[in-house]
Structure formats: C-alpha cells, structure tokens
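Trainee: Each chain, letter by letter, is given below.
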Amino acid sequence: MSIDIGSILDGAVGAAANAVRETAPQVEDFLREIGRGHEAAIKAVAEAFATGDIDEDTFKSEMDDEAKTLEAELQAVAVLTKAIAQRAINAFQRALVDGVKAAIATVV
Amino acid sequence: MQTIALGARWLRLFAAIALACLLASCSGIKLVADYDADAAKSITDSSAEVFAFYDRLIEAKARARSQKLSYSGFNEDWGKIETRIRVLMVREEARPLNSESQRIAGTILEFWQKYREAHRKNDDYAAALLPIHRDRFQRLFTAALLAEKAKRLADPDSNPKLDSN
Chain A
1 MSIDIGSILD GAVGAAANAV RETAPQVEDF LREIGRGHEA AIKAVAEAFA
51 TGDIDEDTFK SEMDDEAKTL EAELQAVAVL TKAIAQRAIN AFQRALVDGV
101 KAAIATVV
Chain B
1 MQTIALGARW LRLFAAIALA CLLASCSGIK LVADYDADAA KSITDSSAEV
51 FAFYDRLIEA KARARSQKLS YSGFNEDWGK IETRIRVLMV REEARPLNSE
101 SQRIAGTILE FWQKYREAHR KNDDYAAALL PIHRDRFQRL FTAALLAEKA
151 KRLADPDSNP KLDSN
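Line order of the protein sequences matches chains A and B. Position 33, counted from 1, in the first sequence is what the working numbering calls 33; the numbers after and before it change by one each time, with no gaps. Position 56, counted from 1, in the second sequence is what the working numbering calls 56; the numbers after and before it change by one each time, with no gaps.
This is chain A alone, in the form it adopts within the complex (with noise of 0.2 Å):
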C-alpha cells in the first residue's frame, strides 16, 4: 500500500489557496471605500468647523466619533479576514480528508 501524501498536501493548500484567492480581494474594495469614507467625514467635519458652524469643542467630539467609527468598520474588516481564512483553512482540511479516503480506497 502506498498513498502519496505529498501530492495529497499539495491538492490541499491548492484548495486553501483558491479559497483565499476569490475572497479575499474584497477586503482591499472595503478598505478603499472605509477610506473614501473617512477622508469625506473629515472634510466635512473641518468645513462645519472653518465655517462657524460648529464651534472647538463640537470640533473635537466630531472628530473623536470619527476615530470610533473607523475603529468600528476595521472591526468588519476582522470579521471578513477571519472568514477567509476560516474557509481557507477548511477547505485545507476537507481536501486532505477527501484525498486520504480516496487513496485509502484504492488500496483496501
């Protein structure tokens, strides 16, 4: 009986490796757009300010929430990282689970 682990391990980080692939580009997307986000709060945030609109102390508690907020939407970030790398991880798995079953069936 011989069963060639090693081609059944490269099948498997194949599988984990594609998981990523498809996913994980849409971590970039959301950055960019938390980014876009931000950058257009901060603005506004400094026009209202420069204009009279709000005064020092608004000034300071508006940007203080801005920092919550991009702290908040980097928690969706984590969230999405740690699915990836949960599917990718699984898929590792499933992929060395099927390939030993496969070859072990072909030498029982």
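Some hints could be false.
Straight line, CA to CA, 35 Å or less: simulated DSBU-like cross-link-like pairs of lysine-lysine [as the list claims (entries may be wrong)]:
#1 K30/B with K82/A
#2 K161/B with K30/B
#3 K161/B with K68/A
#4 K80/B with K68/A
#5 K60/A with K80/B
#6 K68/B with K68/A
#7 K41/B with K43/A
#8 K121/B with K43/A
#9 K101/A with K30/B
#10 K68/B with K43/A
#11 K68/A with K43/A
Since the hints were made in silico from the structure, they are not lab data.
Fit chain B to the known structure of chain A by using the hints.
Mentor: Same frame as chain A, now just chain B:
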C-alpha cells in the same frame, strides 16, 4: 519474513484508516459566528429607521433654519429607535465568536445616545451636523451588515462574493 512484511502492510493500512477517521471526525475550525439572516435583516431594518429619522430632522431643520429644532417633536422617535438598536445589541451579544459585531453595534448605540442627549440638552440640532451624523450611521450600519455577510464566506461551499444574496 513474509509474515513480518504482511504485518507491516496491515499496520500501515490500519494507521491510514485511523488517520482518515481522525481527520473526518474534525468538525472544522471555527473563527467567526455562523451567518444569521435574521441579524442581517435586523441591521437593514434598523438602518432604514435611522435614515428615515435623519431625513425628517434634515427636512424640519431646512424648513425653519433660523429656529431651533425642538427635542420634544422628536422625543418619541429617538426612544423608539433607541429600543430597536438595543435589541440589535442584545442579539449580537447573545452570539458566541461575535465580538466584532458586538463592538460595531455598541458604537451605534453609543452615538445614538450621545446625539440624543445633545439634542435634548441643546433643544436643537445643528444643521451642519445632521448630514454628518446620518452619513456616520450609514457607514456604521454598512460595517455591521458587511460583518454579518462576511460570516457567510466562512463556509467553503458558499458564494465567495460578499454582495451575493
């Protein structure tokens, strides 16, 4: 000699079957909570109420720009939507492996209470702040919804696109 070789072959086969059984028994790694369609709906429904509320505030302020935007005219809506956001928060807190969504919901609730208290205290809402706050809530609800939809990606059989239904 032949008996030893045969024994080694059976040992390897047994080891391979044992390995297959061990791998098959693994239920998979879990890093995030399962996707919850009801949670996603709750986020979109809450966001719709928040946007409609801010739309009413912006319209009311535009109609009487020089006058104050009295808190009493909006007290009920502030309270009703705060209740809805609290329910959203409770739902997120009840789910394991969900700390990120809990923090996003917590930030939404914190800002809602902060802006409500400022409106109550000043008995007015600065026209310049209304669209800034509406857009901020929009970004937070987008983050909350994306965090929920991202959980669906964790399943290797799911559609790899976030915007898929």
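Trainee: Take the C-alpha atoms of K161/B and K30/B, compute the straight-line distance between them, and say whether it is at most 35 Å.
Mentor: holds (20 Å)
Trainee: For the pair supplied as a hint, K80/B and K68/A, confirm whether the alpha-carbon distance does not exceed 35 Å.
Mentor: Roughly 24 Å separates the two Cα atoms, so the pair holds.
Trainee: Could you grab the alpha-carbon distance between K68/A and K43/A and see if it respects the 35 Å cut-off?
Mentor: Holds, because 16 Å separates the two Cα atoms, which is no more than 35 Å.
Trainee: Holds or violated: K41/B with K43/A, Cα cutoff 35 Å?
Mentor: holds (32 Å)
Trainee: Next pair to validate is K121/B with K43/A; report whether the Cα-Cα distance is within 35 Å.
Mentor: Roughly 26 Å between the alpha carbons, so the hint for K121/B and K43/A holds.
Trainee: When you check the alpha-carbon spacing of K101/A and K30/B, does it fall within 35 Å?
Mentor: holds (23 Å)
Trainee: Is the hinted pair K161/B and K68/A satisfied, with a Cα-Cα distance of at most 35 Å?
Mentor: holds (27 Å)
Trainee: Can you confirm whether the C-alpha distance between K60/A and K80/B stays at or below 35 Å?
Mentor: holds (29 Å)
Trainee: Going straight from one Cα to the other, do K30/B and K82/A come out at no more than 35 Å?
Mentor: Distance of about 9 Å is within 35 Å: holds.
Trainee: Checking one constraint from the list: CA of K68/B to CA of K68/A, max 35 Å. Satisfied?
Mentor: Holds. K68/B to K68/A sits at ~28 Å (cutoff 35 Å).
Trainee: What's the verdict on K68/B and K43/A, does the C-alpha distance respect the 35 Å limit or exceed it?
Mentor: holds (25 Å)
Consistency with the previously given hints is maintained throughout, with no hint failing.
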